[in-house]
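Enquirer: Now for the letters of each chain:
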Amino acid sequence: MFYRYIIIAIRNLRRQRLFTFVNIAGLAISMAVCLLVLISTRKNFSYDNFHPDAAHTWRITSKVQTPDGRKYHMASTPMPIGEALKNNYTAIRQEVTLYGALSGEARINKKKININGAFTTPSFFNVFGFKLAAGNPLTALTTPNNIVLTEEAAKRLFGTNDPMGKVITFDQRGSYIVSGVLQPAPSLTHIDYEAFAAMSSVTALEQNHALPGRLQNWDIFQDNYTYVQMRPGEGRAALTAALNDIAHRYDDLPGKGMPHIAFEPQALGRISPSQELYNDIGNAPPWGKMLAEMGVALLLLTCAGFNYTNLSIVRSLQRAKEVGVRKVNGAQRWQIFMQFITESVLMCILSLILAVMLLLLAQSTHFNALPVPDINLLNGHLLLLFFVFSVITGIVAGAIPAWALSSFQPVKVLKNLIDIKLFGGLGLRKSLIVIQFTLSLTAIIFLVTVYRQFSYKAVKDMGFYRKDILNVPLADVDFQLMKERMLQLNGVTAVAASSGTLGMPRDANFCQMRTAEGKDYIEFGYYAGDADFLKVMHLKLLAGSSFPAAASKEKEQYVVVNERAVSVMGIKTLAEAIGKTLWLSDSLPLNIVGVVQDFNYQPIEMNIRPMAIRYHPAEFHQLQLSMAKGDKEQQIAAVKKIWIELHPGEIFSSEWMDEQLLARSGQEVISMLGFLVFISTMISALGLMGVVAYTSFTRRKEVSIRKILGATAPGLLVLLSRSYVKLIIIAGCIALPFGYIGSEFFLRIFAYRVSIGVLPILGSFMFLVFLALVTILSQTWRAIEVNPVDNLRND
Amino acid sequence: MIQLQKISRHYPVGFGKNYILKDIDLTINEGEFVSIMGPSGSGKSTLLHIMGLLEEPSEGQYLFEGERVDKMNEKKRTQLHRGSIGFVFQAYHLIDELTVYENIETPLLYKNIPASERKSRVADVLDRFNMVAKKDLFPNQLSGGQQQLVGIARAIVAEPRVILADEPTGNLHSDQAKVIMQLFKHLNEQDKITIIQVTHSDVNATYGNRVIQIRDGQIQP
Numbered sequence: 001m002f003y004r005y006i007i008i009a010i011r012n013l014r015r016q017r018l019f020t021f022v023n024i025a026g027l028a029i030s031m032a033v034c035l036l037v038l039i040s041t042r043k044n045f046s047y048d049n050f051h052p053d054a055a056h057t058w059r060i061t062s063k064v065q066t067p068d069g070r071k072y073h074m075a076s077t078p079m080p081i082g083e084a085l086k087n088n089y090t091a092i093r094q095e096v097t098l099y100g101a102l103s104g105e106a107r108i109n110k111k112k113i114n115i116n117g118a119f120t121t122p123s124f125f126n127v128f129g130f131k132l133a134a135g136n137p138l139t140a141l142t143t144p145n146n147i148v149l150t151e152e153a154a155k156r157l158f159g160t161n162d163p164m165g166k167v168i169t170f171d172q173r174g175s176y177i178v179s180g181v182l183q184p185a186p187s188l189t190h191i192d193y194e195a196f197a198a199m200s201s202v203t204a205l206e207q208n209h210a211l212p213g214r215l216q217n218w219d220i221f222q223d224n225y226t227y228v229q230m231r232p233g234e235g236r237a238a239l240t241a242a243l244n245d246i247a248h249r250y251d252d253l254p255g256k257g258m259p260h261i262a263f264e265p266q267a268l269g270r271i272s273p274s275q276e277l278y279n280d281i282g283n284a285p286p287w288g289k290m291l292a293e294m295g296v297a298l299l300l301l302t303c304a305g306f307n308y309t310n311l312s313i314v315r316s317l318q319r320a321k322e323v324g325v326r327k328v329n330g331a332q333r334w335q336i337f338m339q340f341i342t343e344s345v346l347m348c349i350l351s352l353i354l355a356v357m358l359l360l361l362a363q364s365t366h367f368n369a370l371p372v373p374d375i376n377l378l379n380g381h382l383l384l385l386f387f388v389f390s391v392i393t394g395i396v397a398g399a400i401p402a403w404a405l406s407s408f409q410p411v412k413v414l415k416n417l418i419d420i421k422l423f424g425g426l427g428l429r430k431s432l433i434v435i436q437f438t439l440s441l442t443a444i445i446f447l448v449t450v451y452r453q454f455s456y457k458a459v460k461d462m463g464f465y466r467k468d469i470l471n472v473p474l475a476d477v478d479f480q481l482m483k484e485r486m487l488q489l490n491g492v493t494a495v496a497a498s499s500g501t502l503g504m505p506r507d508a509n510f511c512q513m514r515t516a517e518g519k520d521y522i523e524f525g526y527y528a529g530d531a532d533f534l535k536v537m538h539l540k541l542l543a544g545s546s547f548p549a550a551a552s553k554e555k556e557q558y559v560v561v562n563e564r565a566v567s568v569m570g571i572k573t574l575a576e577a578i579g580k581t582l583w584l585s586d587s588l589p590l591n592i593v594g595v596v597q598d599f600n601y602q603p604i605e606m607n608i609r610p611m612a613i614r615y616h617p618a619e620f621h622q623l624q625l626s627m628a629k630g631d632k633e634q635q636i637a638a639v640k641k642i643w644i645e646l647h648p649g650e651i652f653s654s655e656w657m658d659e660q661l662l663a664r665s666g667q668e669v670i671s672m673l674g675f676l677v678f679i680s681t682m683i684s685a686l687g688l689m690g691v692v693a694y695t696s697f698t699r700r701k702e703v704s705i706r707k708i709l710g711a712t713a714p715g716l717l718v719l720l721s722r723s724y725v726k727l728i729i730i731a732g733c734i735a736l737p738f739g740y741i742g743s744e745f746f747l748r749i750f751a752y753r754v755s756i757g758v759l760p761i762l763g764s765f766m767f768l769v770f771l772a773l774v775t776i777l778s779q780t781w782r783a784i785e786v787n788p789v790d791n792l793r794n795d
Numbered sequence: 001m002i003q004l005q006k007i008s009r010h011y012p013v014g015f016g017k018n019y020i021l022k023d024i025d026l027t028i029n030e031g032e033f034v035s036i037m038g039p040s041g042s043g044k045s046t047l048l049h050i051m052g053l054l055e056e057p058s059e060g061q062y063l064f065e066g067e068r069v070d071k072m073n074e075k076k077r078t079q080l081h082r083g084s085i086g087f088v089f090q091a092y093h094l095i096d097e098l099t100v101y102e103n104i105e106t107p108l109l110y111k112n113i114p115a116s117e118r119k120s121r122v123a124d125v126l127d128r129f130n131m132v133a134k135k136d137l138f139p140n141q142l143s144g145g146q147q148q149l150v151g152i153a154r155a156i157v158a159e160p161r162v163i164l165a166d167e168p169t170g171n172l173h174s175d176q177a178k179v180i181m182q183l184f185k186h187l188n189e190q191d192k193i194t195i196i197q198v199t200h201s202d203v204n205a206t207y208g209n210r211v212i213q214i215r216d217g218q219i220q221p
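Protein chains in written order, with full-length UniProt numbering: chain H, 1 to 795; chain L, 1 to 221.
Because the hints were derived from the structure by calculation, they are not lab data.
Owing to the predicted nature of the structure, the values given are computational and were not obtained by experimental measurement.
Yeah, the Cβ is synthetic: ideal placement off N, Cα and C, and Gly gets one too.
Careful, some of the hints might be misleading.
Stated by the list, open to error - Below, in silico cross-link-like pairs of lysine to any residue (SDA-like), each with a Cα-Cα straight-line distance of 20 Å or less:
#: 1; chain 1: H; residue 1: K412; chain 2: L; residue 2: R77
#: 2; chain 1: H; residue 1: K321; chain 2: L; residue 2: R210
#: 3; chain 1: L; residue 1: K111; chain 2: H; residue 2: E563
#: 4; chain 1: H; residue 1: K555; chain 2: H; residue 2: S585
#: 5; chain 1: L; residue 1: K75; chain 2: H; residue 2: D252
#: 6; chain 1: H; residue 1: K412; chain 2: L; residue 2: T78
#: 7; chain 1: L; residue 1: K111; chain 2: H; residue 2: I8
Said to hold, decoys possible - Beyond 10 Å from chain L on every Cβ pair, some chain H residues (computed):
#: 8; residue: A54
#: 9; residue: S200
#: 10; residue: Y740
Please put together the full structure from these sequences, using the hints given.
Expert: Right, here's the structure in full:
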């Protein structure tokens, strides 16, 4: 029976080429997007599934409510809370404290590598499922200044040598002996530190003031993560009671105008995907992003599903006779229903195959708009998941048509086909078309705005120069020395040292300064730069000068500010500002030597705020080399040669400033978004084409009679196309305001933005109308071109 | 076997009713070959559909083998179709996407007959109708007469007790019609299948052993 269903389904698909093409193409493309989301969703839910007793393990989170009503839910806690819980409450079996204060450069001999590490208690290996590849889990974290590395970190630090027993030195945090190497975690985990040092090291570090006092400090909530494992049989209730009990120590705070504090347990399994707590660790994507991805994918799939539903219903006229015959031959309704469901599931499976092929293709060609992760798509689990997904899609998309088709009464369909009432009538099909086109048009309008804004962003003159500037890290070499060496190179015209790249979102630093005691602090965004910084960046001095060449490298004295800062300081003319003093943290007076014209030192999402360029060599991280025109490869090679001479054994890296900024400008977002819009529009157009084709087909007799009676081609085209054009206009009326509002919301993100404008919106609309017209006319034209005799003879 | 008592079929027109069939009393015994005749629009086909359980009578009682079937629900009626009633149509009504073999097999599929038995029964019927060579062809590759043969083969493959034929030769020329009618006669005499046919043709009516004349929804005495 089932076999017969499949046979007849395949024969039908072969016969109805248009129908098959429209459905499979639309479904395959949207399914490809769905599969990508499925892959990433699966990944997002695969965090932390290897811990031994996850059901009894909780992370303690802190809820802080400030007197003015702002609430902060933090993933972190004060440090003593773990000990307090374990010692005073019998329901708690053990606790782990994770103190993420071990980040920075780790040194081995001359090699320096950034390591993101944490201090933790020996119970780490009891509560979490991490296993050691080398070392003893019972002792690895007991002795002070022992450290356990992840395998990957060990490889970076020691290469192929055995790391056990070797010494790593951190700036200010002391030296550590490697006592263990972790096996790679069996799955993703939110605990993504690269090194874990014994918690017992912290006591000495705090005594030496290498670390701030945290061990006994109940008032700092930001730095430490606490996990507890409950005894068997004890759950959230017992833990909550214990936490409420502990929180009583904060009871008198609100009375003193201090925040209200509470603690809350968070199940280990609920940490990822991230609930976007403050201070969270790990790189699990937040729920919001995940849901947004799923939403887009489902929307696309729904569009394709609409096509199937719509076309199947229109086409049911052709299948009605078959249903009648089957029923007369003894088929029950559910059997007919199953037959049509089988067909739609088969269609979805075919689409799935095509979708997987699309993904494989995108993977091998690194197609930008469809970012396929580098994983093996053909593994059993994933394929099974895909298969189940497409079967479900098939059932959902096929249910309404199958229900409608299986409801036909044999006498009626066998007697006279024209009398059949299609399920839901024209209303349903029209609504589906309107919905599809509304979605497409809204998306197109939104995309056009995003595109215009991003291209505006790409070409907007942010007020500094970015062409032909090569950024090279200083990496602890004296900037003057390296600068002189670089300046000897042929292609290098000028060199500046700086703390970061202008316009990069995270490169700006912030500090509080004020003009005199008693005045309000002003928040300054700042970059550290040397005397040539203004010149290399082409910043325009409006008053004063750049830093004097003889400025002291050790004691910071000078600062250049922007126009905005001058006006915020309340100084009338720019020239007046020169020579004024700014107090940095009330102890360090800085002398204003120059005022530069305002420029966008932050991305254009932000307004221009008071800004300072400080001559502070301790913060110099990179050299910015202004290069002459020429062969860029050669220039980099020459720079690299000098750099390696200055940094023997280290790895050279460099970046062109314009490329660095461009990479941040969201080009991928546009191509991704554009691709999605393209898909949704294509799917809608395909669906429209199918529906028009079939309805024109059912009206072929009417068209033939009209033709014989003398109707002209244009008249017939109008007759057949009119109702669909009307649908597109309705879709336009709904989509235009939606698109406008969406675009408006998007543009609000940017302090500097394009205006939405009537022209782009109407342009999008006209484009869609044009597309729809082409689609409609191509099908109706075919219908009226037929020789009327052929149609009439058939009846 | 079939007993119709005071069967009427009407549909509403304005405030009144328009009768297609009115007060039909009719008994057909097992083994009969009945021809129903009458002008277009006299209600022949409706009568046949009611007997075939494809339509419900508006009034009256219908007993099939002594069991009241006019108020049966759809499921039970379907059950009856499968076992006892076979249909033959003027327009053949074969499924275009299925081969001759598969078309004939369809009723057996819905009767949940095991594959091996299905095979032998279909082969049997094909053999009997001399159509073994054509079993893999699709309906549109056959002539009208051959299509109707397939239609009849499909109707009898489930071994029904009664065949209802709605103008089975209406689309065929006389030579083909003759073949079909002889086949019906054969089925009636050899296999003891009750046959009820609707026909316009006096020649066809002579194959049967009883003729029922209908005019304006009523049986003519």
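Enquirer: Now tell me if each hint is right for this structure.
Expert: Right, here's what the structure says about each hint:
| no. | hint | in the structure |
| --- | --- | --- |
| 1 | H:K412 / L:R77 | holds, 17 Å |
| 2 | H:K321 / L:R210 | violated, 32 Å |
| 3 | L:K111 / H:E563 | violated, 90 Å |
| 4 | H:K555 / H:S585 | holds, 15 Å |
| 5 | L:K75 / H:D252 | violated, 75 Å |
| 6 | H:K412 / L:T78 | holds, 16 Å |
| 7 | L:K111 / H:I8 | holds, 19 Å |
| 8 | A54 | holds, 49 Å |
| 9 | S200 | holds, 75 Å |
| 10 | Y740 | holds, 49 Å |
Hints 2, 3, 5 from the list above are not met by this structure, while the remaining hints are.
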